[in-house]
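Sequences listed follow chains L and B, in order.
Just so you know, the first sequence maps onto residues -6 to 95 in our numbering.
Just so you know, the second sequence maps onto residues 37 to 202 in our numbering.
Source of the hints: derived by calculation from the structure; they are not laboratory data.
Given the structure is predicted, the values throughout are model-derived calculations rather than measurements.
Please note: incorrect hints may appear among the correct ones.
[As the list claims (entries may be wrong)] Stretch by stretch, here's where chain B covers chain L in the computed footprint (C-beta under 8 Å, at least three residues):
hint: 1; stretch: 16 to 23
hint: 2; stretch: 28 to 37
hint: 3; stretch: 49 to 57
hint: 4; stretch: 63 to 72
Glycine included, every Cβ here is placed at the ideal spot set by N, Cα and C.
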Amino acid sequence: MEGAPLSWYLILSAILFALGVAGFLFRRNIITVFMCIELMLNAVNLSFIAFSHKLNQVDGHIYAFFVMVVAAAEAAVGLAIILTVFKNRASLAIDDVSSMKY
Amino acid sequence: MDVPLFLIFAAIAVACGVNVVVQRHPITSAISLIGVMGSLAALYLLLGGEFIAAVQVVVYAGAIMVLFVFVIMLLNAGAEGRSGRSWPVRLLGIPFLVLLLGLLSFVVQAYAPKTDRVVFGAFTSGGPRDIGKLLFTEYLLPFELTSVLILIAIAGAVVLARKEID
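In isolation and in its complexed conformation, chain L is listed as follows (with noise of 0.2 Å):
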């Protein structure tokens, strides 16, 4: 039987990155921002499934389990950090967190 082809899982895998970049561009929430990274996370994971499929190799999956480790450590600072922003600023509008731009 015959599968889909291991370029259509890496373009749906560019697709998901590209809308992660494009929402984390776009939104002024800081809560949708990051949840576009968690996105493009998961769009990266996908191309190591993939390409561990492709070569034969268990490896991929462990970097995949890794990201994920990574990106669970990585919410629960985050999510402290916006909670901290929200008590002193009283605003998930991330214009309003620009203190240090200039």
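Given the coordinates of chain L, work out where chain B should sit on it, guided by the hints.
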């Protein structure tokens, strides 16, 4: 059967991904992101990664997204306001993104071997046994380092989010 399944779950993933980006309310984005992660878990199963598919559902769609939804509810986040972007930036962003995507897809299509097909069942070593074996032998040091990383993350989260005692 592989191709229709891939197309169905890829379509769900892209539709939910677009919804994550275009929705103005964070809770709608969060629910759409859970849709993306669920369909990606199905694609991992198609690629032979049973363990990673399970971890994707348990850790990503379960733990991380619950954390997100919890924070959204806690902060009572509403729909975001209009941004003060200048109009050329808004106008040029989408075409440049499509251009980047088209270029990327062209390169992948041109250089990926045409004979490589993802057949369900061709890759069988994605179960917990094989991953565990590799994780505790070859990748033991990175595995131990992640435990240190998680410990630091726990301490950091507690320090950042605790109430200031004056």
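Outcome of the hint check:
1. 16 to 23: Coverage by chain B holds here, the residue count being 6 at a Cβ distance below 8 Å.
2. 28 to 37: holds (count 5)
3. 49 to 57: holds (count 6)
4. 63 to 72: holds (count 9)
Checked against the numbered hints given earlier, this structure breaks none of them.
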